[in-house]
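Taken in order, the sequence shown gives residues 6 to 93; the numbers are from our numbering.
Please note that the accuracy of each hint is not assured.
Derived DEER-like restraints, expressed as beta-carbon distance ranges [to be verified]:
| hint | residue 1 | residue 2 | range |
| --- | --- | --- | --- |
| 1 | Thr51 | Leu83 | 26 to 32 Å |
| 2 | Asn27 | Thr51 | 14 to 20 Å |
| 3 | Gly29 | Gly58 | 24 to 30 Å |
| 4 | Asp60 | Gly29 | 28 to 34 Å |
| 5 | Thr31 | Ala68 | 18 to 24 Å |
| 6 | Leu83 | Gly40 | 24 to 30 Å |
| 7 | Phe44 | Gln11 | 24 to 30 Å |
| 8 | Ser43 | Arg78 | 26 to 32 Å |
| 9 | Leu83 | Asp42 | 24 to 30 Å |
| 10 | Asp35 | Ala62 | 17 to 23 Å |
| 11 | Phe67 | Thr23 | 26 to 32 Å |
| 12 | Phe67 | Gly26 | 23 to 29 Å |
| 13 | Gly58 | Thr38 | 24 to 30 Å |
FYI, nobody ran anything at the bench for these hints, they're computed from the structure. Where a beta carbon is used, it is the ideal one built from N, C-alpha and C, also for glycine.
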Amino acid sequence: MSETAQNTEDLVLEQFRTYSGNGGMTATDDFFTAGGDSFTAVHASTAISALTGLDLAPSLLFAHRTARALAARIDDALPPGGTTEGTG
């Protein structure tokens, strides 16, 4: 995993933990199984959007339910050379 990918995964995981209310969740835990719901998914996607500068639809959390999967999707959307480092 590249440093940028790890930074993105850490950023997403921090927000997943905050909005699911589950501080022990890992990068491969399902956001909704860990305690998140549609309401908290909206808040998490808004926070992640603000931190990455990307406009992320809440529906992405339903399609990419783990921090690792969503982080990979975000990294695919970043411009070449883009980074989430230092965005939080």
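Each hint, compared with the structure:
Thr51 and Leu83 have their C-beta atoms about 18 Å apart, which leaves the hinted 26 to 32 Å range violated. Distance hint for Asn27 and Thr51: a CB-CB separation of about 19 Å, consistent with the stated range 14 to 20 Å. For Gly29 and Gly58, the hinted distance range of 24 to 30 Å is satisfied, since their beta carbons lie about 29 Å from each other. For Asp60 paired with Gly29, a C-beta distance near 30 Å keeps the hint of 28 to 34 Å intact.
One distance hint, 18 to 24 Å for the beta-carbon pair Thr31 and Ala68, holds here, with the actual separation near 19 Å. A beta carbon spacing of about 28 Å between Leu83 and Gly40 agrees with the range 24 to 30 Å that was offered as a hint. At roughly 29 Å, the beta carbons of Phe44 and Gln11 sit within the given window of 24 to 30 Å. Between Ser43 and Arg78 the Cβ separation comes to about 19 Å, which falls outside the hinted range of 26 to 32 Å.
Evaluation of the 24 to 30 Å hint for Leu83 and Asp42 yields a pass: the beta carbon distance comes to about 28 Å. Range check, Asp35 to Ala62: about 18 Å between beta-carbon atoms, so the 17 to 23 Å window is met. Separated by about 18 Å at the C-beta atoms, Phe67 and Thr23 break the suggested range of 26 to 32 Å. At roughly 18 Å, the beta carbons of Phe67 and Gly26 sit outside the given window of 23 to 29 Å.
Between Gly58 and Thr38 the beta carbon distance is about 29 Å. The supplied range of 24 to 30 Å therefore holds.
Consistency note: the structure conflicts with the earlier hints numbered 1, 8, 11, 12.
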